[in-house]
Every structure is written in structure tokens, then in C-alpha cells.
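Participant: Sequence:
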Amino acid sequence: MQNLFVAGTDTTSTIVEWSLSELIRNPAILRQAQEELDAVVGRGRLVSESDLPRLTFFNAVIKETFRLHPSTPLSLPRMAAQECEVAGYRIPKGSELLVNVWGIARDPALWPDPLAFRPARFLPGGSHADVDVKGGDFGLIPFGAGRRICAGLSWGLRMVTLASATLVHAFGWELPAGQSVDKLNMEEAFTLLLQRAVPLMVHPVPRLLPSAYEIA
679 MQNLFVAGTD TTSTIVEWSL SELIRNPAIL RQAQEELDAV VGRGRLVSES
729 DLPRLTFFNA VIKETFRLHP STPLSLPRMA AQECEVAGYR IPKGSELLVN
779 VWGIARDPAL WPDPLAFRPA RFLPGGSHAD VDVKGGDFGL IPFGAGRRIC
829 AGLSWGLRMV TLASATLVHA FGWELPAGQS VDKLNMEEAF TLLLQRAVPL
879 MVHPVPRLLP SAYEIA
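Each residue of the sequence shown is one higher than the one before, counting from 679 in my numbering.
Certain hints may be false.
In silico SDA-like pairs for lysine to any residue, Cα to Cα no more than 20 Å straight-line [said to hold, decoys possible]: (1) LYS861 x TRP833; (2) LYS861 x ASN704; (3) LYS861 x MET879; (4) LYS861 x GLU700.
If you're looking for bench data, these hints aren't it; they were derived computationally from the structure.
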């Protein structure tokens, strides 16, 4: 249970950091996300879990973050129980297999302009409006798919969305003096988790009413 908790915590914080990074690097998208949050939540309180289903644009932001920066770039290894053929490739029995989750989600055959951060893909009328991250669409499987899909999918998705939405709603974010958004380092560090090579350093600026920050 401890391993599951630690794994869930690390992957959640990684995705939250990537979501903030992409929004800071794309000010127009950040403004649109904050406008939606202000319209749904207001400026007198923080985001609650019950608000999440109404955050259409922000949920698209989270999907696009999972697409570009899946917390686990490679699936956990699987072993072929018997010899089989996949897409013309012979897989011998006993072969250890990994799925390149990161590569699939950047395949230009599946995702036009794959390196662009474009949440609108997932909005109604967008090119991928019906795609989700829950394992049913094999072009986007940050939690895996099938019988061995991540057991923490529902919890992890809610936590990532709530944490990211709270940070984006409650604060404006400024880069340190001398840094510009177009030069923000977005290099990835490929380990078991897909983390930022350089931690995100930003200054939070409160944007809600003072009463919203009070702890009851």
C-alpha cells in the first residue's frame, strides 16, 4: 500500500508541474483556463471536486498534458505467454514487451501537429473530442489499458485535475526576473517517470478575494 501511495503521489505531482509549465508557456491558453474557472467557481472560494465536471476547457488542458507528458513514458513490462504476431512482427514466447506510451501520443499519423500544446483537440467539435485517457482509445493511454490498467486511474485523474485547477485558479504565475515564457526550458528527463529536466521555478501571485484563502 505504501508503494502504491508513493507512486501515485510522484506521478500526480509530475503531471501537475507539466500542466503549469505548458500553461505558463502558452499565456492565451492560461487566460482561457482562468476565465472558465472564474465563471464556474468565482473568485470568492477555491475549486472543489464538484466543480470539475463543469470545467470543459480545463479538462481538455489536462488531457493534452497527459498526451504530451505522460507520467510513465513506457508501460510496465509484459511477457508474451505464447508466440504471436502483432502488425507483422513475430513475438516469440517469453519476450518482454514495453509499450511506448510517449511515442504513440506524439505520432503525427494520430495527432496533427503533435508537438503543439493544443487543448482544443479535445473540445466539442475538435479533432479528438471523443478521446479520453481511460484506456478505451489506444492513441492516448497514460494509465495503460485493458485488464491491467492503472488501478489508481480515477483517483489520479481527479487529483491531477483538482490540484492543477486550484493552482491555476488561485494564483497568477510569474517567471523569475530576466526569464521569458518563450525561453522556458521544457526539456524532459526520461526515467521511470517523465519529469522536467529542470524544476519549474515560478512566483505565485494571489488572484482571488482574500476570504478565498482562509482556512475554515
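Participant: Starting from the hint list further up, note which numbers the structure goes against and sort them upward.
Facilitator: The structure conflicts with hint 1 only, although it agrees with all the remaining ones.
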